[in-house]
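Given chain A, put chain B in place with the hints provided.
So the protein sequences, as listed, match chains A and B.
Residues in the first sequence are numbered consecutively from 1211, following our numbering.
Residues in the second sequence are numbered consecutively from 1212, following our numbering.
Among the hints, a few may not be true.
[Unchecked claim] Away from chain A, derived, C-beta distances all over 12 Å, residues of chain B:
| hint | residue |
| --- | --- |
| 1 | 1213 |
| 2 | 1287 |
| 3 | 1290 |
| 4 | 1312 |
| 5 | 1315 |
| 6 | 1316 |
| 7 | 1349 |
[What the hints assert, rightly or not] Label pairs and their in silico Cβ distance ranges:
| hint | chain 1 | residue 1 | chain 2 | residue 2 | range |
| --- | --- | --- | --- | --- | --- |
| 8 | A | 1317 | B | 1266 | 31 to 37 Å |
| 9 | B | 1262 | A | 1309 | 32 to 38 Å |
| 10 | B | 1233 | A | 1317 | 56 to 62 Å |
| 11 | A | 1315 | B | 1333 | 28 to 34 Å |
| 12 | A | 1217 | B | 1262 | 49 to 55 Å |
| 13 | B | 1262 | A | 1277 | 22 to 28 Å |
| 14 | A | 1257 | B | 1346 | 34 to 40 Å |
If you're looking for bench data, these hints aren't it; they were derived computationally from the structure.
As the structure is a computational prediction, the values presented were derived from the model and not from experiment.
All C-beta atoms, glycine included, are put in the ideal place defined by N, C-alpha and C.
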Amino acid sequence: MKTTTWLARLQAIALTVILLCVGLFAGTTLGTLAWAQLRALELVGSNPFIRLVGREASGRSWEIQEAAGLLTIYNSTSGIANLTLGAAPNGGLGMYGVLYSALGANTNGTFAYCSDCTVASPCDSLGTGAIAKRLNGVWVCN
Amino acid sequence: MKTLRAFARGLMVRQYLVPLLIGVLLGGVLAGFVAAQTRSVEYVGSYPFIRLVGREASGRTWEITEAAGVLTLFNSTSNVANLRLGGNPPGSVLLPAVLFAALGTPANGSHAYCSDCGIGGVCAGAGTGAWAKRLNGGWVCN
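Looking at chain A on its own, in the form it has when it is part of the complex (with noise of 0.2 Å):
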């Protein structure tokens, strides 16, 4: 009698944890559903960010991350704040600095801000910079 009475127990007991687990989960899933179909993300505190990792290859990592005051796109794989928004002036758009030298030959419509260019068309070297657009096939820097 006694030992029907405990497996009795035991099995409430068991049950409540189950059912208590099964009501988590289903909570969780819920809550998180719910956050994901939210209108908005805020993300609060130190340097907040978002993290887009690329999995098809390695290394393929992007940051839209804010410090400062400033928004900044950065690129985790180079290492490059390719644009950063919200610097003086208010409106103004920071990009990365490129060398004359590694311009390359790009699509047309790339634009970059070439740190040692001259302001002239095409590009040069031996500047103190221009912003180098690649226009039919080349870098125009004027």
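Just chain B now, with coordinates in the frame of chain A:
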């Protein structure tokens, strides 16, 4: 008999429903807490992306996607990759090609890669490509 059934029902509620509900509640609170405390989010996988779907009118969708090391701001509505970062040279920005006829009248400060504009003071078609800047209500392609 009725009393027995009511007793059994009460037992079922206490034994099954209460722990389940407590679990759901705890899980929901946990998910919400974790989400609210998040400083960063990380999306990992092949071609991870963030999608912003505007419901104030139909079909206003943007995606920030990572693919093959390139970060793209993609307008799903117009099917245009508005901005590409991470191509060559590192640090550069690629804009999509826009025809002169499609430049329109956006706000001053806009700029675009006009693939059939000519390099000159005021933008015009029938060229081999120019950098179009919206200044003082006109398109400047010098």
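Right, here's what the structure says about each hint:
Even its closest Cβ contact with chain A, about 24 Å, leaves residue 1213 of chain B beyond 12 Å, as expected for a residue assigned away from the interface. The beta carbon of residue 1287 of chain B is kept farther than 12 Å from every beta carbon of chain A, the shortest such distance being approximately 17 Å. The non-interface label for residue 1290 of chain B is consistent with chain A: the shortest C-beta to C-beta separation is roughly 17 Å, beyond 12 Å. The claim that residue 1312 of chain B is not at the interface with chain A holds, since no C-beta of that chain comes within 12 Å of its own (minimum 17 Å).
Distance to chain A confirms residue 1315 of chain B as a non-interface residue, since its nearest Cβ pair spans about 17 Å, more than 12 Å. Listed as a non-interface residue, residue 1316 of chain B keeps its Cβ farther than 12 Å from every Cβ of chain A; the least gap is roughly 20 Å. With a least beta-carbon separation of about 18 Å from chain A, residue 1349 of chain B lies farther than 12 Å from that chain, consistent with its non-interface assignment. A hinted range of 31 to 37 Å holds for the C-beta pair residue 1317 of chain A and residue 1266 of chain B, which are about 34 Å apart.
The beta-carbon spacing between residue 1262 of chain B and residue 1309 of chain A, approximately 36 Å, falls within the hinted interval of 32 to 38 Å. A hinted range of 56 to 62 Å for the beta carbons of residue 1233 of chain B and residue 1317 of chain A is consistent with their spacing of about 58 Å. Remark: the range hint 28 to 34 Å for residue 1315 of chain A to residue 1333 of chain B is upheld by a beta-carbon distance near 29 Å. At about 53 Å, the beta-carbon gap between residue 1217 of chain A and residue 1262 of chain B stays in the expected band of 49 to 55 Å.
For residue 1262 of chain B and residue 1277 of chain A, the Cβ-Cβ distance of about 25 Å falls inside the hinted range of 22 to 28 Å, so the restraint holds. Take residue 1257 of chain A and residue 1346 of chain B: their Cβ atoms lie about 36 Å apart, and the range 34 to 40 Å holds.
When held up to the earlier numbered hints, the structure conflicts with none and fits them all.
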